[in-house]
Amino acid sequence: MNQKTLECTEVSKNFGSIAALHNVNLSLPEGKIIGLLGPNGSGKTTLIKLICGLLTPCEGSISICGHEPGPESKAIVSYLPERSYLPDWMTVLDCLDFFRDFYEDFDYEKAVGMLENLKVPAKARMKTLSKGTKEKVQLVLVMSRRARLYLLDEPIGGVDPAARDYILNTILRNYDENATVLISTHLIADIEMVLDEFIFLQNGQVVSYASTDSLREDLGKSIDTYFREVFRC
Amino acid sequence: MAWQFTGDRPIYIQMAEHITSGILKGEYQMGEKLPSVREFALMASVNPNTVQRALFELENMGLIETQRNTGKFVTLEESRIEMSRNEMGKALVADFIKSMKALGYSGEQIKDIFENERKAGESNESENA
Amino acid sequence: MLGKLIKHDFKSLSRMLVPMQVIILGATIIATAMFSFNLRSDSGSLLTGTGFDLLRIISAFMSVLMLLAIIAASILVAVVIFYRFYKSFMSDEGYLTFTLPVKSSELLWSKLICAIIWSLISGIVIFLSLNIFILFGTSSTSFVNLEFYKVTAKFISDTNNMFGNALVLPIIEFVLMVFASITYTILHIYLALIIGGAVARKHKLAAGIGFYFVINIIVGILSTVLQFMMMPRLAANLSLMDGQNLEGGQILTSLISQMQPYVLLSLGMSIVFSVVFFMASNYLIKNKLNLD
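From first to last, the protein sequence lines are chains A, B and C. Counting from 1, position 196 in the first sequence corresponds to residue 196 in this note's numbering; the numbering is continuous, with no gaps. Counting from 1, position 87 in the second sequence corresponds to residue 1087 in this note's numbering; the numbering is continuous, with no gaps. Counting from 1, position 285 in the third sequence corresponds to residue 2285 in this note's numbering; the numbering is continuous, with no gaps.
Source of the hints: derived by calculation from the structure; they are not laboratory data. For clarity, every value in this text was computed on a predicted model and none was experimentally measured. Beta carbons are placed, not taken as given, at the ideal position from N, Cα and C, and that holds for glycine. Misleading hints may appear alongside valid ones.
So these bits of chain C aren't anywhere near chain A, every CB distance computed over 10 Å [said to hold, decoys possible]:
hint: 1; residue: L2076
hint: 2; residue: P2101
hint: 3; residue: N2161
hint: 4; residue: I2251
hint: 5; residue: S2266
hint: 6; residue: I2271
hint: 7; residue: N2287
Here are the simulated EDC-like pairs of lysine to aspartate or glutamate, each with C-alpha atoms no more than 16 Å apart in a straight line [claimed, not checked]:
hint: 8; chain 1: C; residue 1: K2011; chain 2: A; residue 2: E30
hint: 9; chain 1: A; residue 1: K131; chain 2: A; residue 2: E82
hint: 10; chain 1: C; residue 1: K2103; chain 2: C; residue 2: D2292
hint: 11; chain 1: C; residue 1: K2004; chain 2: A; residue 2: E82
hint: 12; chain 1: A; residue 1: K123; chain 2: A; residue 2: D88
hint: 13; chain 1: A; residue 1: K221; chain 2: B; residue 2: D1008
hint: 14; chain 1: C; residue 1: K2286; chain 2: A; residue 2: E177
hint: 15; chain 1: C; residue 1: K2087; chain 2: A; residue 2: E109
hint: 16; chain 1: B; residue 1: K1101; chain 2: B; residue 2: E1087
hint: 17; chain 1: B; residue 1: K1025; chain 2: B; residue 2: D1095
hint: 18; chain 1: A; residue 1: K131; chain 2: C; residue 2: D2092
hint: 19; chain 1: C; residue 1: K2202; chain 2: C; residue 2: E2106
hint: 20; chain 1: C; residue 1: K2286; chain 2: A; residue 2: E68
hint: 21; chain 1: A; residue 1: K134; chain 2: A; residue 2: E82
hint: 22; chain 1: C; residue 1: K2288; chain 2: A; residue 2: E59
hint: 23; chain 1: C; residue 1: K2011; chain 2: A; residue 2: D94
hint: 24; chain 1: C; residue 1: K2011; chain 2: A; residue 2: D97
hint: 25; chain 1: C; residue 1: K2286; chain 2: C; residue 2: E2106
hint: 26; chain 1: C; residue 1: K2007; chain 2: A; residue 2: D94
hint: 27; chain 1: A; residue 1: K134; chain 2: C; residue 2: E2106
hint: 28; chain 1: C; residue 1: K2004; chain 2: A; residue 2: E177
hint: 29; chain 1: C; residue 1: K2103; chain 2: A; residue 2: E68
hint: 30; chain 1: A; residue 1: K4; chain 2: A; residue 2: D160
hint: 31; chain 1: C; residue 1: K2011; chain 2: A; residue 2: D101
hint: 32; chain 1: A; residue 1: K134; chain 2: C; residue 2: D2092
hint: 33; chain 1: C; residue 1: K2007; chain 2: A; residue 2: E177
hint: 34; chain 1: C; residue 1: K2004; chain 2: A; residue 2: D88
hint: 35; chain 1: B; residue 1: K1111; chain 2: B; residue 2: D1095
hint: 36; chain 1: C; residue 1: K2007; chain 2: A; residue 2: E82
hint: 37; chain 1: A; residue 1: K127; chain 2: C; residue 2: E2093
hint: 38; chain 1: C; residue 1: K2103; chain 2: A; residue 2: E72
hint: 39; chain 1: A; residue 1: K127; chain 2: C; residue 2: D2092
hint: 40; chain 1: C; residue 1: K2004; chain 2: A; residue 2: E104
Chain A with its partners taken away, still in its complex shape:
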């Protein structure tokens, strides 16, 4: 049997009376780079938080390589949140030690090499680094793991084109071929070249889930154009 990397079955999540996600069904295979696309407030971040175990679904179930969200799933999921989450008193090397201690799949040497390439001072404390450098450190930590599922929440939001190319190349260079990468963004044109498949979310529901090539073959459109049509105001 070919086990799916991620399986979401009838997942719903409400915050009070507001439905953030409604009846989401997804089944993602291994070895793909998948875009999680949708306008702001469509539930992208909520879905990612549910998968990495920061939130608990109100209804439905989630399974990552056969594990419910929990210690076993967290060991094989590498999550990049859309904010700085490293303690600011830690040095960059402290952060590396921290990841090495907790994640068995963390490749310490690889992370050191990547940081050297980026000329990030390893002994500097996080609070002394600029916002952009902090983001780079987080990306290095997350991509230095040999995880089964990478969850990247808005990795290219608010960065300049050079940084964007660097980030996309880092992802392409470092993800494991059997791993699946789920990238959430509202900047579709920037990442559509690297996507195998895409998921459209709108108002907490999956509008479509298809392969990038099939969209182009069937409709002769890029995802970006299609997206603009679907979400035309």
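Given the coordinates of chain A, assemble chains B and C onto it according to the supplied hints.
Chains B and C alone, transformed into the frame defined by chain A:
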């Protein structure tokens, strides 16, 4: 630098065309080893699976060959490369004629304008040389 | 994994708490020196003169200041422990904490164990600084003052002669009570912070402080009810003792045994409430996490 792709057609097809023209231009010589899937992916900033698919297409066309464990190589059969050159050339000319007709040119006029421009181009080249 | 969590939690606390302990000890030494200087100049064994009056005022002022610093630093220890807890669970750092491949109960255990260890360390440091002060800061004639220790030693040996083994149980109970109440207090504040974080959208810390008092009131009501239920029995036992003709050591021994149900009750309540707090905290961080 990422390669440029258009939005209307699958990227793997555009990728395959890009590599084909590389072979025709001699950027990739006959019998030469091609970059790996991941190298191509990084060069073009595209998904490795897309590269895989493009290379699969090229292999079906007989332009490249897989050698066990060592990677992919440009074919040594010149006829295969010539065939691709012909196909690409024909397609380009067909496109050109279609566009010219759309502008209102007749077949004769296209031929004339083509001849004139070709001569002008050649004299320019010799001047520059 | 629990070991690794404790290692990192301990490291992050030590970073701020070790310097504080150094400050407490340093302040103690300075205060002690000032105090003994004052004592000696009072007794005239040191140089006297108008110039020294000012020096004496300054040193008296300084020693009071040092005492305040010690008190402030020990309060700050608690503040640091709970601030670290808050940062690690409620702030953006929570994104790191709660995606670690560990059970939520392990996260809580680690925070609890580190807090207990640091409470004990800071208790020991305060005990040490008191002793430094008594030893070196209380005599006007000699460098060290052993009077206090002689008296204490005599008191201990006297009571031991008088009551012997009867004191073993109360002492064990006292130690257990200290541990239980440290644990209880820490878990009480942790739970309050967690509820505050789960309920409030903004001002999580303020909400946490509010819930501290809510929990306090609930626990207060419950324990008062329980104590009232126990009281008549205790009173009856004590009045029973009145009628008997007991002397000296016997009174205390009897009192200790009469108090047993009461002591065990409050010990038991601390433990039960601690367990309830822990389980409630664990449930909330597992199911009702509410990071921004």
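Cross-check of the supplied hints:
Every Cβ of chain A is farther than 10 Å from the Cβ of C/L2076; the closest lies at roughly 17 Å, confirming the non-interface assignment. Remark: the non-interface label on C/P2101 conflicts with the geometry, its nearest Cβ contact in chain A lying 4 Å away (cut-off 10 Å). Even its closest Cβ contact with chain A, about 54 Å, leaves C/N2161 beyond 10 Å, as expected for a residue assigned away from the interface. Every beta carbon of chain A lies more than 10 Å from that of C/I2251, the smallest distance being close to 57 Å; the non-interface claim holds.
For C/S2266, the condition that its CB be more than 10 Å from all CB atoms of chain A holds, with the nearest at approximately 37 Å. For C/I2271, the non-interface assignment is confirmed: its Cβ lies about 28 Å from the closest Cβ of chain A, beyond the 10 Å cut-off. Residue-level check failed: C/N2287 sits 5 Å from the nearest beta carbon of chain A, not beyond 10 Å. Straight-line distance between C-alpha atoms of C/K2011 and A/E30 comes to about 38 Å, which puts the hinted pair past the 16 Å bound.
Distance hint between A/K131 and A/E82 is fulfilled; the C-alpha atoms sit about 12 Å from each other, no more than 16 Å. Simply put, C/K2103 and C/D2292 have alpha-carbon atoms about 21 Å apart, too far for the 16 Å limit, and the pair is violated. Between C/K2004 and A/E82 the CA atoms are separated by roughly 26 Å; this puts the pair beyond 16 Å, and the hint is violated. For a cut-off of 16 Å, the pair hint linking A/K123 to A/D88 stands: about 13 Å separates their Cα positions.
Of the pairs offered as hints, the one joining A/K221 and B/D1008 holds, with about 5 Å between alpha carbons and a cut-off of 16 Å not exceeded. Under the criterion of a C-alpha separation no larger than 16 Å, the hint pairing C/K2286 with A/E177 is inconsistent with the structure, at around 32 Å. Taking the CA atoms of C/K2087 and A/E109, the gap is about 30 Å. The hint is violated against a cut of 16 Å. Between B/K1101 and B/E1087 the alpha-carbon distance is near 21 Å, which puts this suggested pair outside the 16 Å criterion.
About 20 Å separates the Cα atoms of B/K1025 and B/D1095, which puts this hinted pair outside 16 Å; it is violated. Of the pairs offered as hints, the one joining A/K131 and C/D2092 holds, with about 15 Å between alpha carbons and a cut-off of 16 Å not exceeded. For the suggested pair C/K2202 and C/E2106, the alpha carbons sit about 27 Å apart, so the restraint of at most 16 Å is broken. For a cut-off of 16 Å, the pair hint linking C/K2286 to A/E68 stands: about 13 Å separates their Cα positions.
Pair hint A/K134 plus A/E82 holds up; C-alpha atoms about 12 Å apart against a cutoff of 16 Å. Taking the CA atoms of C/K2288 and A/E59, the gap is near 14 Å; set against the 16 Å cutoff, the hint holds. A C-alpha spacing of about 11 Å is found between C/K2011 and A/D94, which places the hinted pair at or below 16 Å, so the restraint holds. A C-alpha spacing of about 12 Å is found between C/K2011 and A/D97, which places the hinted pair at or below 16 Å, so the restraint holds.
In summary, the hint linking C/K2286 to C/E2106 is supported, as the alpha carbons are separated by about 11 Å, within the 16 Å threshold. Among the hinted pairs, C/K2007 with A/D94 is consistent with the structure: their alpha-carbon atoms are about 13 Å apart, no more than 16 Å. Of the supplied pair hints, the one linking A/K134 and C/E2106 is violated, its CA atoms being roughly 28 Å apart against a limit of 16 Å. For the hint pairing C/K2004 with A/E177, the CA-to-CA distance comes to about 30 Å; that exceeds 16 Å, so the pair is violated.
With a C-alpha separation of about 13 Å, the suggested pairing of C/K2103 with A/E68 holds against the 16 Å cut-off. Annotation: proposed proximity of A/K4 to A/D160 is violated, straight-line Cα distance about 35 Å (limit 16 Å). Taking the CA atoms of C/K2011 and A/D101, the gap is about 14 Å. The hint holds against a cut of 16 Å. Restraint check for A/K134 and C/D2092: satisfied, since their Cα atoms lie roughly 14 Å apart, inside the 16 Å limit.
A threshold of 16 Å between alpha carbons decides the hint, and for C/K2007 with A/E177 the separation of about 34 Å lies outside it, so the pair is violated. At roughly 20 Å between alpha-carbon atoms, C/K2004 and A/D88 are farther apart than 16 Å, so this suggested pair is violated. Of the supplied pair hints, the one linking B/K1111 and B/D1095 holds, its CA atoms being roughly 15 Å apart against a limit of 16 Å. Proposed proximity of C/K2007 and A/E82 is contradicted: the alpha carbons are some 27 Å apart, above 16 Å.
For the proposed pair A/K127 and C/E2093, the alpha carbon gap of about 13 Å is at most 16 Å, so the pair holds. This hinted pair checks out: C/K2103 and A/E72 have alpha carbons roughly 9 Å apart, not beyond 16 Å. About 14 Å separates the Cα atoms of A/K127 and C/D2092, which keeps this hinted pair within 16 Å; it holds. Distance hint between C/K2004 and A/E104 is fulfilled; the C-alpha atoms sit about 13 Å from each other, no more than 16 Å.
Hint compliance for this structure: hints 2, 7, 8, 10, 11, 14, 15, 16, 17, 19, 27, 28, 30, 33, 34 and 36 are broken, all remaining hints hold.
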